[in-house]
Amino acid sequence: MIMPILEFRNVSKIYDNITKALTDISFSVDEGEFVSIIGPSGSGKSTILRCINRLVDVTQGSIFFDGHDISQADKKEIREVRKKIGMIFQHYNLVDRLSVIENVLHGRLGYKSSISGAIGYYTEEEKERAFEILAMLGLTEQAYKRCDELSGGQKQRVGIARSLMQEPRLLLCDEPIASLDPSSAKVIMDYLSDINRTMKITCIANLHQVDVAMAYAKRIIGITAGQIVYDGPPGDLSKSKIYEIYQSEEGELITDAK
Amino acid sequence: MLSEQAEKNKKAKDNIEKKMRKAPRPEAQTSVFVIRKRTFTLAFLGLFVLFTVSALVTEYDVIGGFESLPKAVAWMAKQFIPDEKALSRLSSILSKLMETALVSVAVTVCAATCAFFFSLFGTKTTKTHPLLARTVRIVAAFFRNVPDVVWAMLLLFSFGQNILTGFFALFFATFGMMTRAFIETIDEVSASCVEALYATGATSLQTVFNGVIPSSLPEIVSWVLYMIETNIRSSTLIGMLTATGIGYLFDLYYKRMDYGSASLVVICIVILVIAIETISNKIRKVIM
Ligand SMILES: Nc1ncnc2c1ncn2[C@@H]1O[C@H](COP(=O)(O)OP(=O)(O)OP(=O)(O)O)[C@@H](O)[C@H]1O
Ligand SMILES: [Mg+2]
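If you read the protein sequences in the order shown, they are chains A and B.
Just so we're aligned, residue 2 is where the first sequence starts under the numbering used here, counting upward by one.
Just so we're aligned, residue 15 is where the second sequence starts under the numbering used here, counting upward by one.
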């Protein structure tokens, strides 16, 4: 039996002692899976991803990454966990005033001593690897451009390149295509799906578009108000279940517009 | 066919109406505009009352004050034209002006450097202990809220009439001001990339050097330039207290009733400040 790479056991998250973001969430993800989390705004999708790399602390329950309970990890252990988990953001979160290649190399910071990372010392192999990844993502020509000169789609590819530099086991994508036009969005989703298949990196993506989630993910987790209401393959996700996830009536979702 | 379309339209319309009924406009919402109008009126009335009361308390004769304005201007115009004697002092004025300008630059750069490192403990980006961050903010507020002139008077006791007094007076005030400005700038410009860097496993030190500094540097330089301008102006005033720099010269000429020379000092200061403003605007354009 393969051990799951990620497991949530009865995880709850309450922000500031009042806002219940997650309530008793349990699920596990196997190595190599492509999971998509869908749910209405404020249902707790981002919170789930942020608990995994400890950008937020869980209130109750435990999360196992690669067999280790990371919900109680100390500072040093958190760093070890984070360097194995890449994250991709809706707003790319690059250092806009630095060049593409510098941003990509930031993916190596977790592997370095504090000082050598601070002064920006990277080995030749790391630089070579960075250019390989840029080439793979079609960004060779942009390597020395400043990030604020790039288009949204290009910025997101830089974000992917940065996370690939980490040699991650797991990729967390928080609404990776929410700020992109449909064609750039497709490019990004195709890259993610490629990375998942060829590099065997597990992907968890929060998506707002149900049709995109159904097309790319092998498994969909639907959450409503901090609780899992669906967990299964996209084929079994019925229309009525979608309405239940989004807590709306027939004809009220954008996908219903014809 | 046509009726089908009409049916659809009707359904859509019904839907909209249903929604609208669902969300009636709350009472409070409509009165927001009324509240705003009332706030403006009250604020205006409040200011008027404040002015009247303070004029009464200080026995300030409003009309008389305005009436004497033209006379004052005429007197100043006659007295404050630099004469030949003043021009002969130009070289000593310029050398003092130079001294003042250099001290201001030195003070600002020193204070900014200290303030930057200090502010790192006050920002959210470095994830320091909340208590430490709070302390940093309070210390900064203390230094900022004591005016530089007051700092100068306090320091006069320990240093005497000395260039160090002026230096530290400006240093403390600038330090407080800059710490606060830097904390806000850093929190504003680098929050998103800082989050991403932490997510890769970067340490705080790495995040500061790779994320915070690159993204906030232009704003910080801009602040430093602005503070240099401000400090040249303030150092003139402080110089009068500490008997150093250009402020001292102005004070000297003024007390000797050598108004021509005093006005030449003022003109030189104005030209210097305008020149520095122009240069820093150019620099800002390049770095932004
Ligand atoms: N840092 C925070 N402090 C306090 N409350 C928070 C914080 N982050 C999120 N919340 C609250 O937690 C709940 C879940 O938020 P979360 O961001 O996980 O939702 P989401 O599903 O990602 O929504 P969206 O689709 O809009 O991104 C919301 O009610 C939100 O207001
Ligand atoms: Mg979110």
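Take the hints with a grain of salt, since some may be wrong.
[Claimed, not checked] From the derived model, a few chain B residues whose C-beta atoms are all more than 10 Å from chain A:
{"no.": "1", "residue": "F130"}
{"no.": "2", "residue": "Y212"}
{"no.": "3", "residue": "F223"}
{"no.": "4", "residue": "L231"}
{"no.": "5", "residue": "P232"}
{"no.": "6", "residue": "I297"}
[Unchecked claim] Calculated pairs, SDA-like style, for lysine to any residue (alpha carbon to alpha carbon, straight line, at most 20 Å):
{"no.": "7", "chain 1": "B", "residue 1": "K141", "chain 2": "A", "residue 2": "R198"}
{"no.": "8", "chain 1": "A", "residue 1": "K146", "chain 2": "B", "residue 2": "L145"}
{"no.": "9", "chain 1": "B", "residue 1": "K141", "chain 2": "A", "residue 2": "D58"}
{"no.": "10", "chain 1": "A", "residue 1": "K85", "chain 2": "A", "residue 2": "F35"}
{"no.": "11", "chain 1": "B", "residue 1": "K138", "chain 2": "A", "residue 2": "V57"}
{"no.": "12", "chain 1": "A", "residue 1": "K146", "chain 2": "B", "residue 2": "L219"}
{"no.": "13", "chain 1": "B", "residue 1": "K141", "chain 2": "A", "residue 2": "S115"}
{"no.": "14", "chain 1": "A", "residue 1": "K77", "chain 2": "B", "residue 2": "S218"}
{"no.": "15", "chain 1": "B", "residue 1": "K141", "chain 2": "A", "residue 2": "R80"}
{"no.": "16", "chain 1": "B", "residue 1": "K141", "chain 2": "A", "residue 2": "D149"}
{"no.": "17", "chain 1": "A", "residue 1": "K76", "chain 2": "B", "residue 2": "I227"}
{"no.": "18", "chain 1": "B", "residue 1": "K141", "chain 2": "A", "residue 2": "K146"}
{"no.": "19", "chain 1": "A", "residue 1": "K77", "chain 2": "B", "residue 2": "T142"}
{"no.": "20", "chain 1": "B", "residue 1": "K138", "chain 2": "A", "residue 2": "D58"}
{"no.": "21", "chain 1": "B", "residue 1": "K138", "chain 2": "A", "residue 2": "E150"}
{"no.": "22", "chain 1": "A", "residue 1": "K76", "chain 2": "B", "residue 2": "S218"}
{"no.": "23", "chain 1": "A", "residue 1": "K219", "chain 2": "A", "residue 2": "Q248"}
{"no.": "24", "chain 1": "B", "residue 1": "K299", "chain 2": "A", "residue 2": "D58"}
{"no.": "25", "chain 1": "B", "residue 1": "K299", "chain 2": "A", "residue 2": "D149"}
{"no.": "26", "chain 1": "A", "residue 1": "K128", "chain 2": "B", "residue 2": "F223"}
{"no.": "27", "chain 1": "B", "residue 1": "K141", "chain 2": "A", "residue 2": "A74"}
{"no.": "28", "chain 1": "A", "residue 1": "K77", "chain 2": "B", "residue 2": "I227"}
{"no.": "29", "chain 1": "A", "residue 1": "K146", "chain 2": "B", "residue 2": "P228"}
{"no.": "30", "chain 1": "A", "residue 1": "K76", "chain 2": "B", "residue 2": "K138"}
{"no.": "31", "chain 1": "A", "residue 1": "K76", "chain 2": "B", "residue 2": "L145"}
{"no.": "32", "chain 1": "B", "residue 1": "K299", "chain 2": "A", "residue 2": "D97"}
{"no.": "33", "chain 1": "B", "residue 1": "K299", "chain 2": "A", "residue 2": "I116"}
{"no.": "34", "chain 1": "B", "residue 1": "K299", "chain 2": "A", "residue 2": "L99"}
{"no.": "35", "chain 1": "A", "residue 1": "K146", "chain 2": "B", "residue 2": "L231"}
{"no.": "36", "chain 1": "B", "residue 1": "K141", "chain 2": "A", "residue 2": "V213"}
To be clear, the hints were calculated from the coordinates, so they are not data collected in a lab.
No experiment lies behind these values; they were computed from the predicted model shown.
Yeah, the Cβ is synthetic: ideal placement off N, Cα and C, and Gly gets one too.
Numbers of the earlier hints that this structure fails to satisfy, in rising order: Numbers 2, 3, 4, 5, 7, 8, 12, 16, 17, 18, 21, 23, 24, 28, 33, 36 - these are the hints that the structure violates, sorted from lowest upward.
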